[in-house]
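Student: Dock chain one against chain two, each of which comes alone in its own frame, and use the hints as you go.
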Amino acid sequence: MSAPMIDPMRLERNWQAITAEIDAPVPSRAERFVRRLGLSARVTRVALATPSLRRAWFVALGVVLFLGLAAGDTAGRESIFGFLVVAPLIPVLGVSFAYGVEADPAYEIAVATPMRGLRLVLTRAAVTLVVSALVLLSVAVFNSAAGLFALAWLLPSLALTFVTLAVSTWVAPRRAAALTAGGWLVVLLVIRASVDDRLAAFSATGQLVAVAAAMLAFAVVWHRRDRFDLLVAHA
Amino acid sequence: MTAAQLLGHDLVKSFDGHAALAGVDLALQGGLVAVLGPNGAGKTTLLRCLATVVRPDTGSLLIDGLNPAHESDRIEIRRRLGYQPQQVQFAGGARVFDVLDYLAVLKGFDDDRRRRHWVFHVLDLVGLRDRVADEVRDLSGGMRQRLGLAQALLGQPSLLLLDEPAAGVDPDERFRMRDLIAARRAEATVVLSTHLTDEAAVCDKILVLDQGRIRFVGSPSALAAIAAGRTWVQSNLPADDVRASWRQADGRYRCLGTSIAPPTAEKVAPTLEDGYLTLLTPAAP
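Here the protein sequences line up with chains A and B, keeping their order.
According to the working numbering, the first sequence holds residues 3 to 237 in order.
According to the working numbering, the second sequence holds residues 1392 to 1676 in order.
The set of hints was computed from the structure by calculation and includes no laboratory data.
The beta carbon of each residue, even a glycine, is placed where N, CA and C say it ideally should be.
A portion of the hints provided could be inaccurate.
Far from chain B by the CB rule (all over 10 angstroms, computed), these chain A residues [stated by the list, open to error]:
id : residue
1  : Thr21
2  : Pro29
3  : Val132
4  : Asp198
Output of the computed footprint for chain B on chain A, the stretches with three or more beta carbons under 8 angstroms from beta carbons of chain B [as the list claims (entries may be wrong)]:
id : stretch
5  : 37 to 51
6  : 107 to 116
Excised from the complex, chain B in its bound form (with noise of 0.2 angstroms):
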C-alpha cells in the first residue's frame, strides 16, 4: 500500500466573515506530519478539508490526485481514509463492538466475517479487547480516545487524519498511543493536529499554523534552529525587550530573544518549544 499523496494550493475557508483558512498550500506524502498551532489557528478545519467532510470555499485539493468535490472522487479518497476528529464521540449506551461494527460497516466492509475480524485485530491494536461488550459510558476517557483511534485504523488507511488524538489522555495513554500512531507512518501518510509541542517533536515533519496560514514547514530540528542563538538562561529577571521568558524549575529565567543573546548570556540550545515560540511571539514593541 502507498501512502496517500496530499496537494493543495491557495486553501480558504471562511466561517461567518471569518476566514478559518487564509489561503493554505502544502505537498504531503508519507510520514508523520504534526500540524501545530495555537487554539484556533485553523488546525481542525485544515483535517477537515483534507477529511472531505468540509468543503474549501476557493483553492484546490488532490489527493492521491482525486478531487473531493467531485462526489464519486471523494467516496474513492473515503476508502483510503481514517478519520478521527476532535469530539470523539459515541452513544454512551453503545457497546464497544457495536461501535467499531457499525463504523465498519459505513466503512464498506460487507462481508460480516471479514468485518468481524477488522473490528477485532483493530481492538487487539489499541488494548480493548477485553472491553468489547462494554458500553461506552463504562470506559475512560482515554479508552474513549483509544476507541477513536481504533475506527480510525480499520482497513488500514492509506491516509490516516488525528485531531488532537490525544486531548485529556494520562501520560501513559499518550505515549502508548504515540507509539501506535508513529507505527503507521511506513505505510500511510498521517497527519496530526496537536498544540503539544512534544507530540509534534517526534513526527517527521512539522506545520505551523496560525490564523489560517502556514508559517513554517520542516523538520522538528529546523523549526527548534529557529531559536538557535537566541535563547538562554539567567538569574535575574529578564528585560521587556525580550520575546518571551518563563521561569524555570531551577528558578532561572529561559529567555527568546528578538535578536541574537546579549553576550554575557548563558546560552542554551533551543528546543521545538523555543523555536515555536520563536516564531509565532510577536517581537515586544
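Next up, chain A with everything else stripped away, as it sits in the complex (with noise of 0.2 angstroms):
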C-alpha cells in the first residue's frame, strides 16, 4: 500500500502560514489596548503605526483624562469652561501627528501607496476622536455637576478637527494645528468679551455655527484633497 499523495506546494504554503503566525510579534501594548475597544488589527496598525503616532495618542488620551476629572471635580462654570476651551483641541493635536514626515519618517513611502492620504489622516484623527469621546463621555456620566456641557465639546471637536485638516492643504500639519489652537483661543475671547455668558460659544447657537464651520471645512479638505495624495514641500 502506498501512501497517500500530499501536494508538496500547498504543504509548503501551509507551513509558511504557520511559522509566520508563530513569528509575527506581539502587537505593542498601545495596539492592544485600542483592538480591545473592538478596532480591528488594519486599522489599528494604521492609527497607531510609528511610536511618534503613539506618543501623540498618549498624550491626547492622558489630557483628556485629566481634563475630565478636573472639570468633575468642581461645579463651577469656569471650571467647565476651561475644560470646554481645551477639550475639541485633542482631536487637532491627533491630526498634527497623523501624517507628514515629523509624524511618519515613512511618509513618502506611504504617500506612493493606493491608501488614499485623506482616508489615512482621517483614520487617525478618528481614533483619537473616538478614544477620547469614549473616556469624556465615560467622565461624564459620573459627573452630575457638569451636565450636558460636558458634551458640548464634540461638535466644536469636530469643526476644529475638519478646519485643521483643510489649513494642513497649505501648511505643514503642525502648524495648520497650532494656526487652529490659536484662531480657537481668539473666537473664544472675542465671544467671552462680548457676550455675557462664559458658555456662550457652547450654546446652541454655537453648535450650530460648529456644524457649519464643520461642514464648510469639510468641504473645503474634498475639494483639495489631492494635497494629501501627493509629496508636497511642505508636508
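Tutor: The following block contains the structure:
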C-alpha cells in the first residue's frame, strides 16, 4: 500500500502560514488596548503605526483624562469653561501628528501606496477622537455637575479637526494645528468679551455654528484632497 | 503578470523657478532600466513623477495607459507600484515587522493572514527574517536599505522604482541587492536611479539624465561606444585638450579625447564610465 500523496506546494504554503503566525511579534501595548475597544488590527496598525503617533495618542488620552477629572471635580462654570476650551483641541493634536515627515519618517513611501491620503489622516484623527470621546463621555456620566456641558465640546472638536485638515492642505500639519488652536482661542476671547455668558460659544447657537464650520471645512478638504496624495514641500 | 508600460512626453517639473525636469520623453516596458546622471540631474524628481507622488507641471505621463493626474487612475497605478525613495527612513523605535505590516496595510493587504504571509515572504527575500522583532534603530545602514527594498517588493509589483537603492551600502550588500533587483526584471519594469556606472552596467537599458534633460537612451554597450576610438592610455601628463583624464593604479593616465585618439596613443576599449564621461563632460575650449 502506498502512502497518500500530499501536494508539496500546499504543504509548503501551510507551513509558511504557520511559521508566519508563530514568528509575528506581539503588537504593542497601545495597539492591544485599542484592539480591545473593538477596532480591527488593520485600522489599529494604521492609527498607531509609529512611536510618534503612539506618543501623540497617549498625550491626547492623558490630557483628556486630566481634563475630564478636573471638570468633574468642581461644579463651577469657570472650570467647565476651561475644560470646553481645551478638550476640542485634543483631536487637533491627533491630526497634527497624523501625517507628514515629522509624524512618519516613511511618509514618502506611504504617499505612494493606494491608501488615499485623506482616508489615512481621517482614520488617525477618528481613532483619537473616538477614544477621547469615549473617555470623556464615561467621565460625564458620573459627573452630574457638568451635565450636558460635558458633551458640548464634541461638535466644536469636529469643526476644529476639519478646519485643521483644511488648513493643512496649505501648510504643514503641525503649523495648521497651531494656527487652528490660535484661531479657536481668539474666537473664544472675542465671544467672551462681547457676551455676558462665559459658555455662550457652547450654546445651541454655538453648536450650530460649529456644525456649519465643520461642513464648510470638510468641503474645502474634499475639494483639495489631492494634496494628501502628493508629496508637497510643506509636509 | 505583465511588466508595466511607461510613456512620458515632454515632462516638465520646476521647483522655485529651477527646472528639475526640462522636457523628458520616455517609453519603457519591462527589463532593468538605469537612470544615470550626476547629482542634481533630476533623477529623483523623475522617479517621484513616475511614482505619482509628484505631479509634473506640464507634459503627459501614462502608466499602463492610466493617467496619474486622475485620482482613480493614480490609485490603480499605486496598486501596481513598488517604490523605494532615495532617503529610506523608518521610525527608529518601530520593529521591522511593524514597519512592513503597516506599509502592507497601506498597500491594500486587508486580510491579516495574507498580509503576514507577504511580510515574511519579502523578509525572506532580503534576508532579514531573523531580525523581524528587532527595532529599526538596531539595524545597520545596509539592513535598512534592504528593509526599504523589502517594502517595495510587497505584492509583487509590475513597476518597481528604486531611487539609489544601494546608496551607503557596502560592496557585499550591494551585490546581494543587485542580484535581488535583477531577478525582478522578468516580471516587472524596474527603474533604478544611480550615479554609479557599475550599477548601470548590469541593466538592460540606460537613460542618462543631465540638467533635467535626457541625453542618452540605449544599452550599456551603446553608451560605452560613445567613447570608442577616443580612449587611450599614456605615460606622460596629458595635454589640456583632452576631455578628461585621470591617473590609473599603474601610474599611467587614461585619457578621453575630444576627437579620435592621436595615432601614437595606446588605444583601449572604452568602458561604460568612459562613454558616460564623454557624453557629459564638455570639451575643453
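Student: Give a verdict on every hint.
Tutor: Okay, the hints, checked on the actual structure:
{"no.": "1", "hint": "Thr21", "result": "7 angstroms, violated"}
{"no.": "2", "hint": "Pro29", "result": "8 angstroms, violated"}
{"no.": "3", "hint": "Val132", "result": "19 angstroms, holds"}
{"no.": "4", "hint": "Asp198", "result": "49 angstroms, holds"}
{"no.": "5", "hint": "37 to 51", "result": "holds (count 5)"}
{"no.": "6", "hint": "107 to 116", "result": "holds (count 9)"}
Of the numbered hints stated above, those contradicted by the structure are hints 1, 2, listed in ascending order.
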